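Peer 1: One-letter residues, chain by chain:
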Amino acid sequence: AQSVTQLDSQVPVFEEAPVELRCNYSSSVSVYLFWYVQYPNQGLQLLLKYLSGSTLVKGINGFEAEFNKSQTSFHLRKPSVHISDTAEYFCAALSGGYNKLIFGAGTRLAVHP
Amino acid sequence: NAGVMQNPRHLVRRRGQEARLRCSPMKGHSHVYWYRQLPEEGLKFMVYLQKENIIDESGMPKERFSAEFPKEGPSILRIQQVVRGDSAAYFCASSGTGNNEQFFGPGTRLTVL
Numbered sequence: 002a003q004s005v006t007q008l009d010s011q012v013p014v015f016e017e018a019p020v021e022l023r024c025n026y027s028s029s030v031s032v033y034l035f036w037y038v039q040y041p042n043q044g045l046q047l048l049l050k051y052l053s054g055s056t057l058v059k060g061i062n063g064f065e066a067e068f069n070k071s072q073t074s075f076h077l078r079k080p081s082v083h084i085s086d087t088a089e090y091f092c093a094a095l096s097g098g099y100n101k102l103i104f105g106a107g108t109r110l111a112v113h114p
Numbered sequence: 004n005a006g007v008m009q010n011p012r013h014l015v016r017r018r019g020q021e022a023r024l025r026c027s028p029m030k031g032h033s034h035v036y037w038y039r040q041l042p043e044e045g046l047k048f049m050v051y052l053q054k055e056n057i058i059d060e061s062g063m064p065k066e067r068f069s070a071e072f073p074k075e076g077p078s079i080l081r082i083q084q085v086v087r088g089d090s091a092a093y094f095c096a097s098s099g100t101g102n103n104e105q106f107f108g109p110g111t112r113l114t115v116l
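One line per chain: the protein sequences are W and R, in this order. All the letters of the first sequence, read from the start, carry residue numbers 2 to 114 under our numbering. All the letters of the second sequence, read from the start, carry residue numbers 4 to 116 under our numbering.
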């Protein structure tokens with residue numbers, strides 16, 4: 002089955018600390034991978050995407066992610082978080098048929114002062 | 004450039020009524036996708052449409068739900084005889100031909116009383 006798994010439903014972290022949000026995908030999805038951020042009662046904003054090329058992808062707001070084919074992972078990282086990074090983060094993969102996004106359940110990042 | 008537009012942003016219906024959700028894709032985009040986000044869950048694919056064609060409706064409930072994307076005008080997601088379980092945020096996304104990135108609208112939050 003096509004699936005994307007986000008291993009942590011909630012991640013609490015202190016301001017200026019580093020953070021990693023984990024994402025694994027099944028081998029049946031494509032390797033077109035995305036991270037989206039959703040602020041309360043808002044839509045989804047694209048943070049970054051992997052389509053091909055370098056396995057280290059840099060996105061907006063200081064986030065980056067690394068595509069690891071052998072571990073079927075696409076973890077999101079930020080070296081120093083801000084209070085404003087508090088939000089829900091979704092990992093997604095384009096389906097094997099390239100016609101829809103398969104989303105993980107989301108990780109709620111809570112940044113504390 | 005205007006992004007993906009959805010209206011209304013909030014919709015309240017009583018059980019048994021009809022809900023109509025509208026989505027105008029980004030300028031130049033001819034592919035539209037609808038996703039549903041139930042409370043505390045990730046987004047689930049519902050349907051993928053191109054102008055005047057339903058390409059993939061594998062995520063649509065078999066009854067009461069329908070979608071269209073006419074030659075002129077916005078895409079419409081229609082829910083007949085709504086029930087409380089239909090309460091959710093419904094997101095529309097659009098993409099251009101040959102483009103693997105989907106751009107999301109702000110969503111319509113449907114509440115069924």
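Derived by calculation from the structure, the hints in this document are not laboratory data. Because the structure is a prediction, the values reported are computed rather than measured. Built from N, CA and C at the ideal position, the CB exists for glycine as well. Incorrect hints may appear among the rest.
So the derived list for chain R, only partly shown, Cβ under 10 Å to chain W, looks like this [claimed, not checked]:
{"no.": "1", "residue": "V15"}
{"no.": "2", "residue": "R17"}
{"no.": "3", "residue": "Q20"}
{"no.": "4", "residue": "F68"}
{"no.": "5", "residue": "G88"}
{"no.": "6", "residue": "A91"}
{"no.": "7", "residue": "F94"}
{"no.": "8", "residue": "Q105"}
{"no.": "9", "residue": "F106"}
{"no.": "10", "residue": "F107"}
Only pairs whose alpha carbons sit at most 30 Å apart, straight line, appear in this in silico DSSO-like list of lysine-lysine [claimed, not checked]:
{"no.": "11", "chain 1": "R", "residue 1": "K30", "chain 2": "R", "residue 2": "K74"}
{"no.": "12", "chain 1": "W", "residue 1": "K59", "chain 2": "R", "residue 2": "K65"}
{"no.": "13", "chain 1": "R", "residue 1": "K47", "chain 2": "R", "residue 2": "K74"}
{"no.": "14", "chain 1": "W", "residue 1": "K70", "chain 2": "R", "residue 2": "K47"}
{"no.": "15", "chain 1": "R", "residue 1": "K54", "chain 2": "R", "residue 2": "K74"}
{"no.": "16", "chain 1": "R", "residue 1": "K54", "chain 2": "R", "residue 2": "K65"}
{"no.": "17", "chain 1": "R", "residue 1": "K47", "chain 2": "R", "residue 2": "K65"}
{"no.": "18", "chain 1": "W", "residue 1": "K70", "chain 2": "W", "residue 2": "K50"}
{"no.": "19", "chain 1": "R", "residue 1": "K47", "chain 2": "R", "residue 2": "K30"}
{"no.": "20", "chain 1": "R", "residue 1": "K47", "chain 2": "W", "residue 2": "K59"}
{"no.": "21", "chain 1": "R", "residue 1": "K74", "chain 2": "W", "residue 2": "K59"}
{"no.": "22", "chain 1": "R", "residue 1": "K54", "chain 2": "R", "residue 2": "K30"}
{"no.": "23", "chain 1": "R", "residue 1": "K54", "chain 2": "W", "residue 2": "K70"}
{"no.": "24", "chain 1": "W", "residue 1": "K59", "chain 2": "R", "residue 2": "K30"}
{"no.": "25", "chain 1": "W", "residue 1": "K70", "chain 2": "W", "residue 2": "K59"}
Peer 1: Do the alpha carbons of K59 of chain W and K30 of chain R lie within 30 Å of each other, as the hint requires?
Peer 2: holds, 27 Å
Peer 1: If you draw a straight line from the CA of K54 of chain R to the CA of K70 of chain W, is it 30 Å or shorter?
Peer 2: violated, 36 Å
Peer 1: Need the status of pair K70 of chain W, K50 of chain W: alpha-carbon distance at most 30 Å?
Peer 2: holds, 15 Å
Peer 1: When the nearest CB of chain W is found for F106 of chain R, is that gap smaller than 10 Å?
Peer 2: holds, 8 Å
Peer 1: Let me know if the C-beta of F94 of chain R comes in closer than 10 Å to any C-beta of chain W, holds or violated.
Peer 2: Since chain W brings a Cβ to about 6 Å from F94 of chain R, closer than 10 Å, the hint holds.
Peer 1: Mind checking the alpha carbons of K54 of chain R and K74 of chain R for me, to see if they're no more than 30 Å apart?
Peer 2: Status holds; Cα separation ~6 Å.
Peer 1: Please work out if K47 of chain R and K65 of chain R have their alpha carbons no farther apart than 30 Å.
Peer 2: Cα-Cα ~15 Å, so holds.
Peer 1: Grab the minimum C-beta distance from V15 of chain R to chain W and call the hint holds if it beats 10 Å, violated otherwise.
Peer 2: Result: violated, 15 Å to nearest chain W Cβ.
Peer 1: Would the pair K54 of chain R and K65 of chain R pass a check requiring their Cα atoms to be no farther apart than 30 Å?
Peer 2: holds, 22 Å
Peer 1: Please verify whether K47 of chain R and K74 of chain R have alpha carbons no more than 30 Å apart.
Peer 2: Status holds; Cα separation ~26 Å.
Peer 1: Do the numbers back the hint for F107 of chain R, that is, is its least Cβ distance to chain W under 10 Å?
Peer 2: Status holds, d = 4 Å.
Peer 1: Quickly compare the C-alpha distance for K74 of chain R and K59 of chain W to 30 Å and report which way the hint goes.
Peer 2: violated, 38 Å
Consistency note: the structure conflicts with the earlier hints numbered 1, 2, 3, 4, 5, 6, 12, 21, 23.
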